[in-house]
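Letter by letter, the chains look like this.
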Amino acid sequence: MSDTKLKRVDLIFGEYSNVKYKVLTDTIKRSNDEILEDLLESGLRGRGGAGFPTAMKWKFTAQAPGEEKFVVCNADEGEPGTFKDREILSRVPRKVFSGMAICGKVIGAKRGYIYLRGEYKFLLPELNKELEGYHESAKAIGLDFSIEIRLGSGAYICGEESALFESMEGNRGEPRNKPPYPTTYGYLGKPTVINNVETFVNVMMIMRLGPIQFKLLGTTDSRGSKVFSVSGDTPIPGIYELELGMPLDRFVDEFGDGDTKAVQVGGASGFCVPRKKFKDTVIGFEGVPTGGSMMLFNSSRSMFNVLHNYLEFFEEESCGQCTPCRVGCQQLRKGIVAVKKGDKKFLYLDQLMKLSESMKLTAKCGLGQSVANSFSSIVYNFKEEMIY
Amino acid sequence: MATNNNNYITELVDQYGRNRTSLMPILQGVVERKNFISDQDMTEIAKELDLSAAQVYGTATFYAFLETKPRGQFVIRVCKTITCDMHGKRSIVQTIEDMLKIKVGETTPNNKFTLLETNCLGWCHEGPAMLINEKPYSGLTPEKVHDILSEYIHK
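If you're matching them up, the sequences are chains A and B in order. In terms of this note's numbering, the first sequence has 145 at position 145, counting the first letter as 1, and numbering is strictly consecutive. In terms of this note's numbering, the second sequence has 1152 at position 152, counting the first letter as 1, and numbering is strictly consecutive.
Zero decoy hints are in this set.
Quick partial rundown of chain A residues pointing at chain B, CB under 10 angstroms, derived from the structure:
#1 78
#2 79
#3 81
#4 151
#5 158
#6 170
#7 172
#8 231
#9 239
#10 319
In silico lysine-lysine, DSS-like type, Cα no more than 27 angstroms apart, as pairs:
#11 B/1135 to A/129
#12 A/334 to B/1103
#13 A/215 to A/59
Hints in this document: simulated from the structure, not taken from any laboratory. On a predicted model such as this, the values are computed, not experimentally measured, just so you know. All C-beta atoms in this analysis are idealised placements derived from N, C-alpha and C, irrespective of residue type, glycine included.
Excised from the complex, chain A in its bound form (with noise of 0.2 angstroms):
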C-alpha cells in the first residue's frame, strides 16, 4: 500500500484468539482498578457519536450505590449512512460479548443486553447459537454473567439511551430527562453502562493488546481506531476501520469518486462539510466527530433534496414528546419548501436558522438538539441551492 493511502486497521474484524473466550478468560482473572486503570490509560471514547470517556462511565456506575446493576450494548443503529454495528455482530460477535462481560465484572453486574434494532432481526438466529457458545464458556471459567438479546421495532429515537431503557421497560420510547445518567439510574431505574457495539470491541481489544499498543493509534483527543460506514457517491463503499484523526480531504481523495460537492459526517445528526472545508476539517473528536457515518455527495446531487430527506427522517422519527423537536422539525422541513417555492423570501432562512438554534437549546434529547447540525451546516453552505 502507498504512503498516501490512508492507514488501514484490523482491530475489530481481526480474527479470534486461537482459545475461544481466551482474552475474557485472562481478563476475569485480572482486579478491577487494573481493568479500569488500563481504560483510561487507553483514552477510549465512546464510538456511538457522544464520546464519552467509557472508563469515567463504567466506574461512576461501579461506584454507584445498589445490589442490582446491568450491562447494555446499544445496538439500536439507526443514524442514515451508518451500517458499521451490523458488521461488528455479523462477523464478530464474541468480541462483543467479551466486552459486555468485562464490563459485568468490572460494575459488578450479572445481566446484559443487547438491544438490537428491529431492522436487523435477521441477525438472530446467528447470535443466539453464538450465545450458547458464549454462556458454555463462561459456566466454565466460572464468570456469571448472561447475555439476552431484547429487539427493537423500527423506532430512531430508541437509540436514544434512556429512550431505550423506557423501550426494554415496555414503554413508548421516549427519552427522559437527565440527569439523572443512567450510571445512576438505568434499566428499571438500577445503574446501568449502555455502550455502543464497537465499544465493547475496543475495550476487548485494549484488554489483549494493552493500552500502551491501542494509544500508538489516532491522536491525543481521539485514541485508536474507528470503523468508517462509508456510503453515497463513491466507487468503493462498505465498512473501513480507519485511524481516528484523520483530515478530510485525505479522505476524500481516496474514497470519492472525483467529484465530491460536500460529505455528511454522522450521519443526518451530524454536519455537512463542503468542499472547501475538507482541507482544515479532522475526523475525531478534536474536530467533527462521528459515529462513523460517512456519506459522499457529488455535484450532480442537490443539496436541498439532501436536506429535505433529513427533515422528513427527523419529522417521522421525533418522538413528539417536546415542543421544539415535534413541531421544530415540522416547521424546518415546511420552511425549506417555501422558500424554495417562493412562498417566503430567502431572508426567511435565517428565521429557520434560529428556529434550529432554538431547538438545540431547547429540545429535550439528542434527536432534536441535533437537527440543527445538519440544517445549520447545509443551510449555510450550500445557501444558494435552497433558493434557486
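On the provided structure of chain A, position chain B as indicated by the hints.
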C-alpha cells in the same frame, strides 16, 4: 367476558412472563404470528399483564414495526433514506407498485402484500434496499425486484 379464543396471547404471555418488561416481546410476537395487533389483542394483553389498555395501546402505536392496522402476509418496507433515495429507490417502489397494483401504504386485496416506505435500514453501502418481513434485500434493481417478488407471489 370477551369470547376470545386468542390462544397465542396466553402462549406469548406464558413464554415471556407477566411483567411490563415483557410487553415489547409479546407485542412483537403478536405481529410475527398474525401481522398486526388488533384492539382486542391489546385489551387481552393489558388484562394479562395487569396494565390499562391505554398503556398497551400507547406502546404499540409508538413503534413503526408494531402494526396496529391489518397488514398483508408479507410486509415490504423500502428504505427511503438519502443514499437509497439517491441510488434509485423511486424506480424500486415503482416496480413494486406496478407488479402488485397497489400504492405505498396499501395492501393487496388478497391480503398477501403490504407496501410501505421506511427509514434507514442500514444497507446504505448497497442501496437501494428493502425488507420483506424480516429478510433484507440490498443492491436492488427493477429486474432484481421483479425476480424476488415473483418468488413471493408464488409462495
